[in-house]
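Enquirer: Below are the chains, spelled out letter by letter.
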Amino acid sequence: MPISSFSGLNVSLRALLAEQRGLDTTAQNIANANTVGYTRQEAVFSASTPYQVQAGALQNGAGAQLGQGVDVLTYQRVRDQFSDLQFRAQQMTLGQQQTVAEGLDQAQDLLSEPGDSGLQSMLSKFFDSWQTLASNPTSTAAQNAVLGQAKIVTDQLNAVAKGLTDLQANAAGQITNLLDPNGPVKAKADEIAQLNVAIGQATALGQQPNDLLDRRDQLLDDLSKVGSVSVTDQGNGRISVGFGGVTPPLVDATNTVNLPAAASITSASGGTLGGLADLASPTGTVASLLTDLDGIASGLATSVNTAYGSAFFSGATAAAITVGATSVTAAGATEGPGGNARALAVAGQREQGPTLATYADFVARVGAEQAGAAQKATTAQTLAAATEERRQSVNGVSMDEEMTNLVRFQRGYQAASRAFSTMDEMLDVLINRTGRVGL
Amino acid sequence: MRVTQSSMNARALADLQRTASQMAATSQQVSGGKRISQPSDDALGTHDAVRYRDELAGLAQYRSNAASATSFVSATDSALQQVSDITQRVRELTLQGANATTDAAGRQAIAAEMDQLITSAKESLNAKAGDAYVFSGTASTTKPFDTTTTPPDDTSHGDGKPVVRSIGPGVSVRVDTPGTALEGLLSAMRALQTHFASGTAADQATAATTDLSNLDAASEALSGLNSAVGATQNRVDAADSRLADAQLTVKNLLSGVEDTDYATALTDLAAQQAGYQAALKATAAVIQPSLLDYLTP
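Chain order of the listed sequences is Y and B.
The first sequence begins at 26 in my numbering and counts up one residue at a time.
The second sequence begins at 21 in my numbering and counts up one residue at a time.
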């Protein structure tokens with residue numbers, strides 16, 4: 026069977042169309058070069074199914090396959106799913122440690138150490154005031170100074186305890202806000218569920234819903250900073266999303282959104298939520314700092330009360346400690362008014378009592394916890410940046426590359442046009458001039 | 021690895037930010053003068069700083085206790101000095117009275133002067149440091165010697181309990197001298213006064229012999245008290261100068277922990293500034309050009 030004279034026109038047409046699609050894709054990439062979460066796309070070209078020429082087409086009697094030009098096979102998303110998992114894992118650590126570091130930063134701000142306005146300075150002045158009283162046992166001013174300094178110490182202990190309790194309450198409140206039905210987690214989960222539907226439909230039709238997939242991946246990236254994210258493929262492009270290590274999944278196999286209860290969030294939930302849970306939990310970091318602070322308060326009360334010989338401080342926790350005594354006596358039981366045995370015994374608690382040593386340990390612990398969390402956050406930040414860079418190296422848009430492609434497809438289009446017009450000229454000769462001899 | 025404009029931008033931005041934040045931290049150290057501004061800057065250092073700061077406050081307080089001890093001791097010292105002068109005068113009067121040339125009227129005059137001298141000795145011994153009687157022990161509001169009663173009461177009314185000042189961690193010093201230690205001297209002087217006043221020959225003889233030797237013994241005891249007070253003062257002075265040394269040491273320790281080491285910090289700052297400028301220059305050079313600059317339409 027002979028081959029149509031117009032066959033070549035069709036080949037050129039396909040080439041023109043394909044190059045045009047290539048240019049379109051390049052234009053889309055350039056347009057989205059700065060879009061967050063955009064994955065560069067690639068028009069994948071493939072030679073068209075060849076035309077089967079029957080036996081006898083060639084000299085040796087064999088058949089032949091005649092090329093029919095080019096087709097766009099698919100518009101491919103150039104993305105590495107493994108980098109996504111790494112990136113989300115780092116985002117989760119980053120979210121968690123940043124939250125803890127910020128919380129502990131507030132805790133250490135409460136202490137204002139080292140300096141002249143922290144508890145150390147107040148305790149020093151408190152013990153100093155007992156020494157001054159010991160030197161001036163009958164001075165009313167010295168007696169009042171002791172009571173005044175004691176009040177300053179208990180006020181500071183109360184204030185730090187309240188600050189830490191508030192920190193816990195704020196963290197618990199933030200968890201509730203994040204998981205609110207009008208909150209950010211719900212909004213993202215809803216959008217993922219909607220995208221699941223659209224992506225499922227497109228995939229069923231054999232389409233490649235690149236931009237929808239990008240949007241869904243971006244939402245998963247965002248969620249991974251709030252809590253740990255695990256993705257399970259549900260077929261047909263749909264996914265279910267586990268969140269915060271809580272069952273049921275945030276977006277389940279039937280595409281229903283299940284918002285986790287605030288009570289189910291633990292520090293193992295990861296991300297901002299995990300960090301907040303660590304701050305808010307009665308067994309978390311802040312709670313253990315509060316226990317330490319209570320130990321300091323009760324140690325102070327016990328050592329001073331024992332040395333003084335009666336209840337000077339009352340209350341055994343940092344939040345509850347107050348100055349129980351309404352007046353102070355410097356003299357011991359058998360001494361005259363000029364004696365100072367009790368005042369000296371209390372003043373001696375500066376060195377002998379546990380208070381200042383345990384307080385110094387406490388301050389160091391707050392500092393070390395904060396520095397540790399901040400260091401982990403910095404590490405996670407660096408790793409997340411490195412992963413993002415690696416991810417960008419695969420899916421990011423390179424202008425140089427797009428410019429090169431632009432030129433490549435433009436030239437391809439020009440060449441295909443030239444092939445087309447060459448063929449046209451040939452047909453012009455055939456149609457308009459052939460058989461016109463002598464006219 | 022494939023490099024894209026956005027990853028290059030992101031990297032450049034992250035590097036610039038990191039360098040800038042290091043520079044900000046170092047310049048804060050330089051301008052604030054403190055290496056540790058919050059516990060997380062150096063947890064262990066903060067621990068030490070908290071202890072040193074308390075130690076410093078404690079040392080200052082011990083020095084002020086030492087000053088209080090000094091004022092107590094010097095009040096005691098000057099009172100004893102006055103009593104010592106009075107004792108001297110009583111002794112002179114005794115020798116004068118024992119002389120045969122002194123007549124009865126003269127002895128009565130001596131007895132009268134001695135009575136005045138004893139009263140003024142007691143007044144000296146009623147000295148106060150601040151509002152505390154220094155010879156009363158812890159009964160600091162009770163006058164140790166009563167000068168108003170008749171017949172005269174030369175006994176001490178203090179409680180004799182030690183008054184102590186704390187002049188260092190675990191170091192206490194007794195600063196008072198019990199009034200009872202001076203009762204002997206007063207009674208020796210009172211005996212002389214009584215015997216001269218009575219005017220009998222036997223009493224005169226006793227005054228010249230037994231009473232005089234009692235006075236000498238009491239005077240000896242007084243100079244013992246004087247030197248004990250001097251020793252206490254020396255002890256307080258020594259403690260104070262030890263405290264001053266310790267203050268200096270702890271101040272240096274605190275400064276070493278807490279304060280900026282300017283040589284290091286300024287060197288770091290200079291290096292960081294150079295690094296920042298280099299990063300800025302490199303960034304400007306890298307992010308500018310693109311293939312776009314060279315393609316002609």
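Be a bit skeptical, because a hint or two may be false.
What the hints assert, rightly or not - Below, computed lysine-lysine pairings styled on DSSO-like, alpha-carbon distance capped at 27 Å:
#1 Y:Lys401 - B:Lys163
#2 B:Lys163 - Y:Lys150
#3 B:Lys271 - B:Lys301
#4 Y:Lys176 - B:Lys163
#5 Y:Lys187 - Y:Lys150
#6 B:Lys271 - B:Lys54
#7 Y:Lys187 - Y:Lys176
#8 B:Lys163 - B:Lys148
#9 B:Lys163 - B:Lys181
No lab work stands behind these hints: they were computed from the structure.
Enquirer: Compare the structure with each hint and give your call.
Expert: Right, here's what the structure says about each hint:
With a C-alpha separation of about 70 Å, the suggested pair lysine 401 (chain Y) and lysine 163 (chain B) falls outside the 27 Å cut-off, and the hint is violated. Annotation: proposed proximity of lysine 163 (chain B) to lysine 150 (chain Y) is violated, straight-line Cα distance about 33 Å (limit 27 Å). Simply put, lysine 271 (chain B) and lysine 301 (chain B) have alpha-carbon atoms about 44 Å apart, too far for the 27 Å limit, and the pair is violated. Annotation: proposed proximity of lysine 176 (chain Y) to lysine 163 (chain B) is violated, straight-line Cα distance about 36 Å (limit 27 Å).
The straight-line distance between the Cα atoms of lysine 187 (chain Y) and lysine 150 (chain Y) is roughly 22 Å, inside the 27 Å bound, and the hint therefore holds. At roughly 14 Å between alpha-carbon atoms, lysine 271 (chain B) and lysine 54 (chain B) fall within 27 Å of each other, so this suggested pair holds. In summary, the hint linking lysine 187 (chain Y) to lysine 176 (chain Y) is supported, as the alpha carbons are separated by about 16 Å, within the 27 Å threshold. Under the criterion of a C-alpha separation no larger than 27 Å, the hint pairing lysine 163 (chain B) with lysine 148 (chain B) is consistent with the structure, at around 9 Å.
Between lysine 163 (chain B) and lysine 181 (chain B), the direct Cα distance comes to roughly 15 Å. Compliance with the 27 Å bound is thereby established for this hinted pair.
Checked against the numbered hints listed earlier, the structure breaks hints 1, 2, 3 and 4; every other hint is satisfied.
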